[in-house]
Amino acid sequence: MQPTMEILARIQSNSSNNKGEVFTLLYRYLLRPDMYFVAYQNLYANKGAATKGINNDTADGFSEAKIAAIIKALANGTYKPSPVRREYINKENSKKKRPLGIPTFTDKLVQEILRMILEAVYEPIFLDCSHGFRPARSPHTALGRVSKGFNGIRWFVEGDIKGCFDNIDHNVMVGIINKKVKDAKLIQLIYKFLKAGYLEDWRYYNTYSGSPQGGIISPLLANIYLHELDQFVMRLKINFDRKSERIYTPEYSSLQHRIQTLKKRISKASGEQRQELIEKYKNLRAEMLKTPSKSQTDKKIKYIRYADDFLIGVNGDGEDCLWIKSQLSEFIANTLKMELSEEKTLITHSSKPARFLGYDISVRRNNQIKRGGGCTKRTLSGKAELSVPFIDKINKFVIRKGIAVQLKDGTLWPVHRPYLLHMTELEIVSTFNAELRGICNYYNKACNFYKLSYFAYLMEYSCLKTLAAKRKSSISKVVKKHKDGQGKWAIPYSTKTRKKRRYFANYAECKKTANPTDIKTNAERVYRYSVTTIESRLKAKVCELCGTTDSKHYEVHHVRKVKDLQGKELWERAMIAKRRKTLVLCRWCHHSIHSG
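Under my numbering, think of the first position of the sequence shown as 1, with each following residue one higher.
It is worth saying that the hints were derived from the structure and are not from the lab.
C-beta: ideal position from N, C-alpha, C; glycine also.
Check each hint, because a few of them may be wrong.
Subject to a maximum C-alpha distance of 27 Å in a straight line, what follows is the list of computed DSS-like cross-link-like pairs (lysine-lysine) [what the hints assert, rightly or not]: (1) K19 to K264; (2) K47 to K401; (3) K344 to K162; (4) K352 to K237; (5) K91 to K396; (6) K300 to K282; (7) K511 to K488; (8) K465 to K477; (9) K52 to K578; (10) K300 to K264; (11) K552 to K496; (12) K488 to K499; (13) K264 to K47.
Distance windows between CB atoms, simulated [unchecked claim]: (14) G144 to K344: 34 to 40 Å; (15) Q41 to A75: 21 to 27 Å; (16) G438 to Y208: 36 to 42 Å; (17) K500 to W202: 21 to 27 Å.
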């Protein structure tokens, strides 16, 4: 039997070569056992693999028998997704809470296979303006498009859909998928997941709209839904865009003509007359470099979307922006059955910052002159600029985390963090390093990145004060104790091979990071199409603890983290030695572990 992943790769190629192709008979791939091994391989390493839904079903206990039971239920149509367990998590910089749905692991497996099938169909047809929850895409790829593609933009329309994940209309969703996928069984399964409901405080609630955040398939479904918005904006762009009536302003063109005339006269003149003409040329050139050059008679739309947040750049006037906003609001309300957030959908002149993905976006009005290519140019004017919003993001972060306190004059003063005192010195420094690198990696595209040096100073001295508080000592004594002899300080620690030092992170190194987000390599994609480790280990039918080959059933024992194991039991020592979160065991050994 041909591996299903190779078939999905061919489906993706067909979808890429023929954008209008309609796919049928996709449900049968849910009935192939090799897909479940790939899905498990994708899921078991996640922290959430050991998190329980409404029952005790987790990554622990995965086996061929479990796969057979799922396939049987899907084949005869009796498979019914379990309600998700609803939890609430805090929204960043807000007192509001965000609902999170936690499915059972069996539902996660089926959703992961659905995700792989739908991604093969839809990924090639998604537009380049979409960057959220897609392979090899991230907030930084979206921001890179903004920094290069929004040059010269005069207005920004900041867009936000109110409660996007919670307000997806199920009938509209099914209708959109039905345009591309003509498979009633597959669509019925997706509809079952959408209508599965949720449990909150052990009470069942129906879901009438939305796709629960936390579900494996939810981000892809949201992208399929909002792909309709992307296409609408592209149609709007075709009708709106208009070339300039003239390239330069009349004033700039007049100065250009006078300068060209002067050049000809200078080439023929000599003596004092030549010097007078050269002086006049310099004055005209200086005046031209201060005069606006672009006629600004063109009309243009630029569009970038990440999940439900989008940014539209507009060359036009304020009335054009209001018209675009009204068109968007009407389409989202009538076609997508959602609501454009009025309070978050703002129209901003590009000379002032617009907020997108945590950055402040603006367009420079800078007449600074630089020499290049044998002439002087205004290279910075009209360039899109990405900046760190220090007051809203950095200052609030250090205050919220207890890294610094704000004094009466508004300055920040680093303090120690009492809730880290129970950690070892190595763990304290590692915690500060992770937070520092996380912020600096994210903002490494900012033009004012150098200002993060103050943030790095606050982090380092808060770290030193925390270490000093742990030792009940002073900063100077901590630094003196941990000097490395080269003007720096570091925490020493030992590994199995040698002694090492954990230095405090250098924020400036984050600027050099080419791509701060994880992008899957080609080698990883090739590996996905081969037999997975879990599959080969289960099919070997050998217990990795007692060595028996006579058992009828073999199951996967799964733990959340290897570092949490104490090494007291034989199975713990086996997992530590293998450095794996999984062990393939016979049923007797697996039940023995759980029964103690």
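Output the numbers, in ascending order, of every earlier hint that fails for this structure.
-> Violated: hints 1, 6, 10, 11, 13, 14, 17.
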